[in-house]
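Engineer: In order, the protein sequences belong to chains A and B.
If you number the first sequence the way this note's numbering does, the last residue is 169 and the count never jumps.
If you number the second sequence the way this note's numbering does, the last residue is 390 and the count never jumps.
I should point out that these hints are in silico values taken from the structure, not numbers from a laboratory.
Honestly, I wouldn't trust all of these hints.
The calculated DMTMM-like cross-link candidates involving lysine to aspartate or glutamate, where the alpha carbons are at most 25 Å apart (straight line), are [stated by the list, open to error]: (1) B/Lys162 / A/Asp135; (2) A/Lys140 / B/Glu307; (3) A/Lys6 / B/Glu40; (4) B/Lys162 / B/Asp132; (5) A/Lys146 / B/Glu40; (6) A/Lys123 / B/Glu261; (7) A/Lys166 / B/Asp253; (8) A/Lys4 / B/Glu307; (9) A/Lys137 / B/Glu192; (10) A/Lys137 / B/Glu198.
Some chain A residues flagged as far from chain B (calculated, every beta-carbon gap over 12 Å) [said to hold, decoys possible]: (11) Asp17; (12) Trp83; (13) Tyr85; (14) Asp103; (15) Ala119; (16) His129; (17) Lys146; (18) Ala152; (19) Ala158.
Bear in mind the structure is a predicted one, so any value in this text is a computation, not a measurement.
Positions of the beta carbon are idealized from the N, C-alpha and C atoms, including for glycine.
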Amino acid sequence: MTAKIKEFPGVGLRESDFTERKVLFTEWKPNAQYAWDAGIAIGRYLAELKEGRIIGVHCHRCRRTVVPPRIFCEWCFRPMDEWVYLEDHGVVNTFSICHVRWDMERLEEPLIPAVIEIAGASKGMGILHLLGEVDPKQVKIGMKVKAVWKPAAERIGAITDILYFKPVE
Amino acid sequence: MGLRKVAVVGAGMTKFVRRAQETGRELAYEAAKMALDSCELTLDDVDAVALGTAPDAFDAVHMKGEYLSDGAGAWRKPFMRSYVGGGTGVFAPIQGWYHVASGLFDVCLVVCEEKMSSCQPHPQGAFLTIFDHTTERPLGPNLLWIFALEMNRYMQTYGLQKKDIALVSVKNKRNAADHPCALLGDPNITVEDVLNSEVLAWPVQRLDVSPVTDGAVAVVLAAENVAKRITDKPVWIKGVGWSLDTAYWTNRDLYYPKYVEYAARMAYEMAGIREPRKEIHVVEPYDPFDYKELHHLEGLLLADKGEAPRLTAEGVTARTGNMPVCPSGGLLGVGNPIAAAGLMKVAEIFWQLRGEAGKRQVPGKPITGLAQAWGDLMQVGTVIILGIGG
Chain A
1 MTAKIKEFPG VGLRESDFTE RKVLFTEWKP NAQYAWDAGI AIGRYLAELK EGRIIGVHCH
61 RCRRTVVPPR IFCEWCFRPM DEWVYLEDHG VVNTFSICHV RWDMERLEEP LIPAVIEIAG
121 ASKGMGILHL LGEVDPKQVK IGMKVKAVWK PAAERIGAIT DILYFKPVE
Chain B
1 MGLRKVAVVG AGMTKFVRRA QETGRELAYE AAKMALDSCE LTLDDVDAVA LGTAPDAFDA
61 VHMKGEYLSD GAGAWRKPFM RSYVGGGTGV FAPIQGWYHV ASGLFDVCLV VCEEKMSSCQ
121 PHPQGAFLTI FDHTTERPLG PNLLWIFALE MNRYMQTYGL QKKDIALVSV KNKRNAADHP
181 CALLGDPNIT VEDVLNSEVL AWPVQRLDVS PVTDGAVAVV LAAENVAKRI TDKPVWIKGV
241 GWSLDTAYWT NRDLYYPKYV EYAARMAYEM AGIREPRKEI HVVEPYDPFD YKELHHLEGL
301 LLADKGEAPR LTAEGVTART GNMPVCPSGG LLGVGNPIAA AGLMKVAEIF WQLRGEAGKR
361 QVPGKPITGL AQAWGDLMQV GTVIILGIGG
């Protein structure tokens, strides 16, 4: 390859080639909007969040309680057996301290996303959420955290009905 | 299984660049044409085309396979596009392999293209939609989160420091300085440079991450009887494997890629490899983030759990080490045009086994090599084992 070929194709452009319009290009802004059905399992999950509760599901065969809930067990490939109310606290499985937005703009305050293992579910069953009311330097894997809920009147049946999880003493 | 032997007989690639003036179709053509020229074939010799490319949303072209098909040489030919996220670059040649191994086609052209720069202001805008729309996207996720979460869990589980992991980025970016198509080769980079780079989503820093890239790679696959007519240096596909883990990613062990292990075991079994650490001589695991190379070496059973950083520190994975890993420079150094990056790894093993990798050539005349890719929602593993002789 490199022995025989001296020139590889591919022309890299600079930012200035665009800003100074040295090359031809075209732009398009998509306007695609979606409305999703939450489905049976996540529908119930969201309805329970509106009531200030976290719900999971249990499979008798593999003896797992999982969250977020699903109507079938992807291990046993049969219907889940029962709904189970879980705690609104848990343990930090892992976290990050994120200083950038999705478009790589800097954030003024870092966000602390975490995978939180929810108490009452089987070990390792986490959900993605944010941590709050905590100094980023103090966050630790294994830390116990508790949900901070929106006021009941403001809940709409969304994952954001939990504002964030905060450390518990 | 009644499968035919399949060889890689040619390869080609474009430069990996931040923004390509060429369109995706033009990039695909350049790589495909170079691959055919490298083994002195023309499009008339090609019976089928397998294409790999990642989300349509990068280019805002729905059914991107059709858009790219002419550039990939698929005019009036059986054509299939596969897509398993970042795993695509190794899955597309697996698809090409079963096209030929099945007896259906004698020669299959495999083309992988990615043009990420089209998506403004950042291709993450398209990537973000891999998060669950109901339970995750309302939290305002950043794609870096899932990697940062995995990396932190990996560090915590094995008591690793950032400097242990930064060594991978240093090794690969230095290796890439010898690659004529590389975007981010740097012969002088140090661990301090990585540790001092901007913190994006701790523990992920700027130089822990591969860049947004445009580029294309192609390889030519041929059945045994045809391959022997085309070249006296065929590189055989000895084994393939792929596996997909659950999309409930927060319910998984984030410190160990089980799906890579399943894929690797499938490929080792097919290749008749019992002791991969002895029998695999050169490795190109997927390294879009530095910790991922370590993760994947462990998943591929080429290092004990938590031990891959030690192998890196001891130089075992250096180009001149006992088990060279990413001699190409990997995604961290050559660049990361998603699907093309995976196929670049297959092409690199092809060149390494033929002794044609130029300055990147690993010593010791390797006879068996492995390429692996990973992707989707951190959950797909694709593995291909190449070998000469036998």
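Engineer: Decide, hint by hint, whether the structure agrees.
Structural biologist: These are the hints, each one checked on the structure:
no., hint, verdict
1, B/Lys162 / A/Asp135, "holds (21 Å)"
2, A/Lys140 / B/Glu307, "holds (23 Å)"
3, A/Lys6 / B/Glu40, "holds (17 Å)"
4, B/Lys162 / B/Asp132, "violated (30 Å)"
5, A/Lys146 / B/Glu40, "violated (65 Å)"
6, A/Lys123 / B/Glu261, "holds (22 Å)"
7, A/Lys166 / B/Asp253, "holds (23 Å)"
8, A/Lys4 / B/Glu307, "violated (38 Å)"
9, A/Lys137 / B/Glu192, "holds (22 Å)"
10, A/Lys137 / B/Glu198, "holds (17 Å)"
11, Asp17, "violated (8 Å)"
12, Trp83, "holds (17 Å)"
13, Tyr85, "holds (17 Å)"
14, Asp103, "violated (5 Å)"
15, Ala119, "holds (15 Å)"
16, His129, "violated (6 Å)"
17, Lys146, "holds (17 Å)"
18, Ala152, "holds (19 Å)"
19, Ala158, "violated (6 Å)"
When the structure is compared with the earlier hints, violations turn up for hints 4, 5, 8, 11, 14, 16 and 19 and for no others.
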